[in-house]
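J.: Chains as they are written, first to last, in our numbering: chain A, 1 to 567; chain B, 1 to 121.
Among the clues, some could well be false.
Dumping the calculated DSSO-like pairs for lysine-lysine here, alpha-carbon to alpha-carbon at most 30 Å [claimed, not checked]:
| no. | chain 1 | residue 1 | chain 2 | residue 2 |
| --- | --- | --- | --- | --- |
| 1 | A | Lys304 | A | Lys537 |
| 2 | B | Lys32 | A | Lys155 |
| 3 | A | Lys155 | B | Lys55 |
| 4 | B | Lys32 | A | Lys151 |
| 5 | A | Lys537 | A | Lys517 |
| 6 | A | Lys527 | A | Lys517 |
| 7 | A | Lys304 | A | Lys209 |
| 8 | B | Lys32 | A | Lys188 |
| 9 | A | Lys151 | B | Lys55 |
| 10 | A | Lys434 | A | Lys517 |
| 11 | B | Lys7 | B | Lys55 |
| 12 | A | Lys209 | A | Lys434 |
Hint data in this document are derived by calculation from the structure and do not stem from the laboratory.
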Amino acid sequence: MKHVEVEEHSCDICVVGGGLAGCMAALRAAELNSDVVLVDKSNPERSGCAGTGLDHIWGYFPEVQSREGVSLEQMVEDHAENVAQGLVNRRMLHYIAATSYDRILDLERFGARIRFEDSTLPGGLRLQYQMHSCRNTLHFEGRDIKRILAKAVRKSGARIIDRVMVTELLTENGEIAGVVGYGTRDGKIHRIRAKAVIMTTGRVNRLYKPFPGLTFAIRMPPALTGDGKAAMFRAGVELINMEFLSIPGRWSSRNLIRGGGLPTGSYQPPGVGVNALGEVIRRRNHDVGGKTVYGTAKTFATGKSFQGELEAGRGPIYADMSWGSEEDQRYMLWAVENEGLGPGFLHIMERYGLDFRKHKIELWPIEPEHSAAAAGGPIVDETCQTTLPGLYAAGDEAGGIPGSVAPGAFTMGYLAAESAARRAGHAGAAAQGKGDDELIAFCSEILNRSVGDPWEDAQRAIHNHMSDYNIHFRSETMARRGLECLDYLENTMRLTAANPHELTHCLEIRNLIECGKIIFRSTIERKESRGKVFQRKDYPQRDDASWFCFLGQKLENGRVRFQKHSP
Amino acid sequence: MPPVIDKKLCNCCGICYDICPQDVFYFDRGRKEVPAIPYPQECWYCGACVVDCPKGAVSLDLPLPLHIVPSPALYGPPGPEEEEALWRAADFSRSIERDSTGGNPGGGNTASSGRKGEKES
Chain A
1 MKHVEVEEHS CDICVVGGGL AGCMAALRAA ELNSDVVLVD KSNPERSGCA GTGLDHIWGY
61 FPEVQSREGV SLEQMVEDHA ENVAQGLVNR RMLHYIAATS YDRILDLERF GARIRFEDST
121 LPGGLRLQYQ MHSCRNTLHF EGRDIKRILA KAVRKSGARI IDRVMVTELL TENGEIAGVV
181 GYGTRDGKIH RIRAKAVIMT TGRVNRLYKP FPGLTFAIRM PPALTGDGKA AMFRAGVELI
241 NMEFLSIPGR WSSRNLIRGG GLPTGSYQPP GVGVNALGEV IRRRNHDVGG KTVYGTAKTF
301 ATGKSFQGEL EAGRGPIYAD MSWGSEEDQR YMLWAVENEG LGPGFLHIME RYGLDFRKHK
361 IELWPIEPEH SAAAAGGPIV DETCQTTLPG LYAAGDEAGG IPGSVAPGAF TMGYLAAESA
421 ARRAGHAGAA AQGKGDDELI AFCSEILNRS VGDPWEDAQR AIHNHMSDYN IHFRSETMAR
481 RGLECLDYLE NTMRLTAANP HELTHCLEIR NLIECGKIIF RSTIERKESR GKVFQRKDYP
541 QRDDASWFCF LGQKLENGRV RFQKHSP
Chain B
1 MPPVIDKKLC NCCGICYDIC PQDVFYFDRG RKEVPAIPYP QECWYCGACV VDCPKGAVSL
61 DLPLPLHIVP SPALYGPPGP EEEEALWRAA DFSRSIERDS TGGNPGGGNT ASSGRKGEKE
121 S
C-alpha cells in the first residue's frame with residue numbers, strides 16, 4: 001500500500017496562484033506582513049495568462065482622458081454597459097478603473113518600461129483603443145512582466161512555494177484555516193495553514209474541445225483548470241455566473257496567438273480582417289472614425305461579421321497585417337513580441353518562413369472560454385472577501401466583473417492583500433483546519449492502482465460532454481444529460497498515474513469535472529437567455545424581470561443551493 | 001514535436017526546466033545533462049523556453065495540425081497617395097500626433113522606436 005507523504009507549512013497570509021493577481025497580492029501583503037507565502041502550480045517566473053507577456057492594460061489616465069473629455073465615471077459606465085452588458089459588480093469595477101494607473105506605476109517602479117520617447121501624449125505613454133469608447137489602453141513593454149514581478153516578490157520577503165497545485169481549502173468553525181496542495185514534482189501533500197488566504201488561480205481553461213484538436217493548443221494557459229473555483233465550491237464558498245461562457249470566444253490563428261492581430265486587439269496599426277474574396281470585414285483602427293466616441297460602444301464593424309462571412313460561403317477569414325509604414329510594422333512586431341504567446345508566435349513565423357508583409361494569417365473562432373469575459377467565480381464584497389470569512393479572491397478567479405482582465409488582477413490582488421493583512425493582524429494562531437481527507441483518499445487510490453484509465457481519456461470525455469451538451473443546443477434536457485455524463489465519468493473512471501506529473505493531471509480532471517457540473521447545474525437554473533454569454537434553446541428570450549441578477553450556487557450540508565443577488 | 005534542444009548549444013543550466021509553465025522538461029540525473037522532454041505534446045507553444053534560454057538552444061517545432069499554411073498578403077507597403085492614412089495610423093495606433101512632430105508619418109522625425117537599442121530606419 002503506497003501512502004502519500006504530508007508536509008506541513010504555516011504562515012499568516014497564503015496567496016494561491018502566482019499570476020498577475022497573485023504576484024501583486026504577495027507584493028502588497030509582504031509590505032504589510034512579514035509572514036507571506038505564495039504557492040504556484042508552476043513557477044511565477046512564467047506562469048499564468050501573462051506568462052510570456054502582456055502588451056496592454058486598460059485604466060484611467062487622467063492627463064490623457066481629461067484632455068479628451070472623458071471622466072472616470074463615464075469610463076466606468078462605458079465598461080458596465082458596453083463590456084459587461086449591465087450585469088457587473090459596479091463598486092469593484094469602479095475601484096479597478098480608479099486604481100489601475102496606480103498599479104501600472106508600481107510596475108514601472110519594479111522595472112517595467114511604460115514610457116516612450118516617440119509618443120507625443122503626456123508622460124510619453126502609448127495609448128490605444130481596445131474595448132472601451134475612449135483611448136485608455138496602455139501599450140507597454142510587458143514581455144518579461146512575470147519575471148519582473150517574480151523578482152520583486154522574492155525581494156519582498158514573501159516565500160515562494162512553486163510546483164504545488166492547491167486543490168483543497170482547510171476550514172475551521174466556518175472560517176478559513178489554510179489550503180492543501182499536491183507537489184507536482186515531489187509528489188507530497190502540502191498542508192499550508194494560514195490566517196488569511198487569497199485565491200488567484202484564474203480561469204477554467206480545459207473544458208471545451210480545442211479548435212485545433214490538440215488538448216494543450218488553446219489560447220489561454222492549459223495549466224489553468226479551475227483548481228481554485230473547484231476547491232472553493234467543495235468548501236462551501238458561493239460561486240456566481242458559472243453558467244456564462246464567451247461563445248464564440250475569439251478569432252485566432254489555430255490558437256497560436258491571442259486575437260490574431262486584428263483591429264479589435266490593441267497592437268495592430270496595419271491590421272485588417274478580410275474574407276476569402278479580399279473584402280474588408282473589419283477595418284483598420286484609424287479608419288474607424290473620430291477619436292473619443294463616448295456613449296456608444298466603439299465598433300470596428302462594417303455591417304458584416306466573420307461568422308456571417310463563413311455562413312455566406314465567403315470563408316475563410318484572414319488577418320492581413322501587411323500594410324503600413326516601416327515604423328507601423330516595427331511597432332506591430334514590438335507589440336506582438338510583448339503580448340502573451342507573442343514571442344513564441346514570432347519564433348514560429350521566423351522558423352517557418354512567414355512574414356506579416358508577405359502573408360496574411362488565417363483565423364478561426366476558438367472554442368468557448370469560461371471565467372474572464374463571462375466573470376464566473378466566487379462572489380466578493382468590497383474587500384474582495386468571498387462568502388468564507390478570511391478567504392479572498394482576485395483577478396479572473398473572482399466572479400462578477402466581466403472584462404476586468406489585467407487591471408482586475410493587479411488592483412484586486414492589491415486590495416485583497418490589504419484586506420487579508422488586516423484580518424491576519426487581528427487573528428490568533430492559524431487553526432489546524434480540516435478538509436484534506438478526500439484529496440488524500442483520491443491520491444492514494446490512484447497510486448495503488450496499476451491498470452486503468454489514462455488521464456488523457458478522461459480529458460477527452462470532458463471535452464466531449466462539455467462541447468456536446470453545453471454549447472450549441474443548450475437546454476434543460478441537454479444540461480441534465482451533461483450532468484449524467486459527468487457523474488458517470490466521475491464514478492466510472494479508474495485513473496492511473498505513473499508519477500507526480502501524471503497524478504497532477506488526474507487532480508486537474510477532478511477539478512474540471514467539478515467545474516463542469518457546477519456549470520450544468522447553473523445552466524438548468526437560469527431560465528432565460530442573456531446575450532452572447534448564455535443562449536438557451538428552451539428559453540430564447542432575455543428575462544430581466546426574473547434574471548437581471550447574479551445566480552449564486554453553493555454547497556450547504558451536502559446539498560446544492562441557489563441564490564439570486566442584485567448586481 | 002516541440003520543444004527541441006540543440007545539444008551542442010545547451011549548457012545544462014536548467015532554466016527551461018525551472019520556468020516551463022507546462023512542466024514538459026525533466027532532469028533524470030540533475031543539472032549535469034541536457035534536459036529530457038518526456039511530455040512534448042503538453043507544450044503550449046508559449047515560447048518561454050525560447051526567450052529565456054541563455055544559449056539560444058531551444059526552438060519550437062509545430063505538430064502538423066498547427067502549421068500555418070501560407071497565404072499571400074493583399075496590401076504591402078502603402079503608396080505615396082496614402083500619406084494621410086499613414087498619419088492617422090500613427091496618431092491612432094502609435095500615439096504620435098501630427099501637430100506635435102512635423103516630419104513624415106513613417107516616423108523619420110521621431111526620437112526613437114519602441115525597442116531599446118534599435119536603429120532608425
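J.: Determine for every hint whether it applies to the structure shown.
T.: How the hints compare with the structure:
Annotation: proposed proximity of A:Lys304 to A:Lys537 holds, straight-line Cα distance about 25 Å (limit 30 Å). A C-alpha spacing of about 29 Å is found between B:Lys32 and A:Lys155, which places the hinted pair at or below 30 Å, so the restraint holds. With a C-alpha separation of about 26 Å, the suggested pairing of A:Lys155 with B:Lys55 holds against the 30 Å cut-off. The straight-line distance between the Cα atoms of B:Lys32 and A:Lys151 is roughly 26 Å, inside the 30 Å bound, and the hint therefore holds.
For the suggested pair A:Lys537 and A:Lys517, the alpha carbons sit about 20 Å apart, so the restraint of at most 30 Å is met. Taking the CA atoms of A:Lys527 and A:Lys517, the gap is near 17 Å; set against the 30 Å cutoff, the hint holds. Distance hint between A:Lys304 and A:Lys209 is fulfilled; the C-alpha atoms sit about 27 Å from each other, no more than 30 Å. Distance restraint check for B:Lys32 and A:Lys188: the Cα-Cα separation of roughly 25 Å lies within the 30 Å cut-off, and the hinted pair is therefore satisfied.
With a C-alpha separation of about 21 Å, the suggested pair A:Lys151 and B:Lys55 falls inside the 30 Å cut-off, and the hint holds. Under the criterion of a C-alpha separation no larger than 30 Å, the hint pairing A:Lys434 with A:Lys517 is consistent with the structure, at around 24 Å. A threshold of 30 Å between alpha carbons decides the hint, and for B:Lys7 with B:Lys55 the separation of about 11 Å falls inside it, so the pair holds. In summary, the hint linking A:Lys209 to A:Lys434 is not supported, as the alpha carbons are separated by about 36 Å, beyond the 30 Å threshold.
The structure is inconsistent with hint 12 alone, although it conforms to all the rest.
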